[in-house]
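*Asks:* At position 12 of the sequence shown the residue is numbered 12 (full-length UniProt numbering), and the sequence of numbers has no breaks.
These are computed hints drawn from the structure, not numbers from a lab.
Among the hints, erroneous ones may be present.
Computed Cβ-Cβ distance ranges for the label pairs, DEER-style [as the list claims (entries may be wrong)]:
hint, residue 1, residue 2, range
1, 162, 96, 44 to 50 Å
2, 224, 290, 36 to 42 Å
3, 306, 145, 19 to 25 Å
4, 162, 306, 19 to 25 Å
5, 200, 94, 29 to 35 Å
6, 131, 176, 34 to 40 Å
7, 139, 176, 20 to 26 Å
8, 200, 58, 43 to 49 Å
9, 70, 225, 36 to 42 Å
10, 290, 132, 15 to 21 Å
11, 92, 196, 32 to 38 Å
12, 139, 99, 23 to 29 Å
13, 104, 141, 26 to 32 Å
14, 113, 224, 24 to 30 Å
C-beta: ideal position from N, C-alpha, C; glycine also.
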Amino acid sequence: MGEGRGIVGRLAARAAGRHAAAWCHRVGETTLPAWRGAPGAIDYGCAAMRLTTFVPPGAERPLSGEVAGDRVTAFADGSTVLDRLASGDRSAAGGESWPIADVRLLAPVLEPRATFCIGLNYRAHVEETGNELPEAPMVFLKLPSSSTAPNEPVQVPDAAMARLDYEGELTIVMGADGAVAGYAVADDLSARHLQRRERQWTRAKGFDNSCPWGPWITTADEVPDPEALRLRTWVNGDLRQDSSTSDLVFGVAELVEFIGQTCTLEPGDLILTGTPSGVGAAMDPPGLLSSGDVVRIEIESLGAIEHAIA
Numbered sequence: 001m002g003e004g005r006g007i008v009g010r011l012a013a014r015a016a017g018r019h020a021a022a023w024c025h026r027v028g029e030t031t032l033p034a035w036r037g038a039p040g041a042i043d044y045g046c047a048a049m050r051l052t053t054f055v056p057p058g059a060e061r062p063l064s065g066e067v068a069g070d071r072v073t074a075f076a077d078g079s080t081v082l083d084r085l086a087s088g089d090r091s092a093a094g095g096e097s098w099p100i101a102d103v104r105l106l107a108p109v110l111e112p113r114a115t116f117c118i119g120l121n122y123r124a125h126v127e128e129t130g131n132e133l134p135e136a137p138m139v140f141l142k143l144p145s146s147s148t149a150p151n152e153p154v155q156v157p158d159a160a161m162a163r164l165d166y167e168g169e170l171t172i173v174m175g176a177d178g179a180v181a182g183y184a185v186a187d188d189l190s191a192r193h194l195q196r197r198e199r200q201w202t203r204a205k206g207f208d209n210s211c212p213w214g215p216w217i218t219t220a221d222e223v224p225d226p227e228a229l230r231l232r233t234w235v236n237g238d239l240r241q242d243s244s245t246s247d248l249v250f251g252v253a254e255l256v257e258f259i260g261q262t263c264t265l266e267p268g269d270l271i272l273t274g275t276p277s278g279v280g281a282a283m284d285p286p287g288l289l290s291s292g293d294v295v296r297i298e299i300e301s302l303g304a305i306e307h308a309i310a
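Modelling step: build the complete structure from the supplied sequences, incorporating the hints.
*Replies:* Structure follows, in structure tokens:
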């Protein structure tokens, strides 16, 4: 996996040689907890969880809790998802419970401190855009105000609507000490006209509400191999993207390592790992989004998000 990938490939190869089945992320001189086994499989020594932030029926104040089956249970101690990501606490929620169909799901972390995004990170997507495989990850940022609920109409600024596109993406959620805490589903909504016109992508991809994500965070111990998950995207019931994270150019460990070289990764930070082939801009004619369109993105083992364009 390392050869032909520039500095990231060399780092991954050296890490594999040193640690065999375990990958160890270093910040300065500090050795941080290793992944054990397949990439993304962290041994917490306790039960796996699906962490969510939600508004109960008849309430206005959001709560955080755990999804199990078709119910969501609030954390009895009043902790937030961010608290749990920072502490690594996997104790049972223990609070009041509701059918998940009766609650309003919000972004699991309402306004992530940092949302790192990766461009051109699926081989087939690189091919459909006519580009060459990158030698290192292409990283850009979304703003905290980009984060929005997974299943609610998305209010897109007028200036971003002219050529609006979807991008279904596997999302890495960071925990304490630079470790991967879990995974989620996201839509990297993109204003293609701004992306093509402006060399920096902040306005094209970092606009308000440009990142619906969730529906919850599946802890990493539930995902033995995040690089073997089926990812599908529909627009108005029409299947547009049908791929696997096995097509990633740079995998989970490589992205965390690369970003961590210069940026301290904090609990609740997100890394959107890129989108597979099948984006609207690559269709003939283009299959871009309009007001009223409904986007559904589903990733194996992680759930689905579904939102309309308001």
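*Asks:* Assuming the hint says 32 to 38 Å, is it satisfied by the Cβ distance from residue 92 to residue 196 or not?
*Replies:* violated, 49 Å
*Asks:* Does the Cβ distance between residue 162 and residue 96 fall inside 44 to 50 Å?
*Replies:* Distance hint for residue 162, residue 96 holds at roughly 45 Å.
*Asks:* Residue 290 and residue 132, beta-carbon distance inside 15 to 21 Å?
*Replies:* Violated: the Cβ-Cβ distance is about 32 Å, outside 15 to 21 Å.
*Asks:* Measuring from beta carbon to beta carbon, are residue 139 and residue 176 in 20 to 26 Å?
*Replies:* holds, 22 Å
*Asks:* For the hint 19 to 25 Å, verify it against the beta carbon of residue 306 and that of residue 145.
*Replies:* holds, 22 Å
*Asks:* Could you see if the CB distance from residue 70 to residue 225 stays within 36 to 42 Å?
*Replies:* Taking Cβ atoms as reference, residue 70 and residue 225 lie about 26 Å apart, which means the hint is violated.
*Asks:* Given a hinted range of 29 to 35 Å, is it respected by the beta-carbon distance of residue 200 and residue 94?
*Replies:* violated, 46 Å
*Asks:* Starting from the range 36 to 42 Å, see whether the pair residue 224 and residue 290 falls in it by beta-carbon distance.
*Replies:* Since the Cβ atoms of residue 224 and residue 290 sit about 39 Å apart, the hinted range of 36 to 42 Å holds.
*Asks:* Please check whether residue 139 and residue 99 have a Cβ separation lying inside 23 to 29 Å.
*Replies:* Given a distance of about 40 Å, which is not inside 23 to 29 Å, the answer is violated.
*Asks:* Looking only at beta-carbon atoms, does the pair residue 113, residue 224 fall within the given range of 24 to 30 Å?
*Replies:* holds, 28 Å
*Asks:* Assuming the hint says 19 to 25 Å, is it satisfied by the Cβ distance from residue 162 to residue 306 or not?
*Replies:* holds, 24 Å
*Asks:* Can you let me know if the beta-carbon spacing of residue 131 and residue 176 is within 34 to 40 Å?
*Replies:* Between residue 131 and residue 176, where Cβ atoms are some 36 Å apart, the hint holds.
In this structure, the earlier hints numbered 5, 9, 10, 11, 12 are contradicted, and the remaining ones agree with it.
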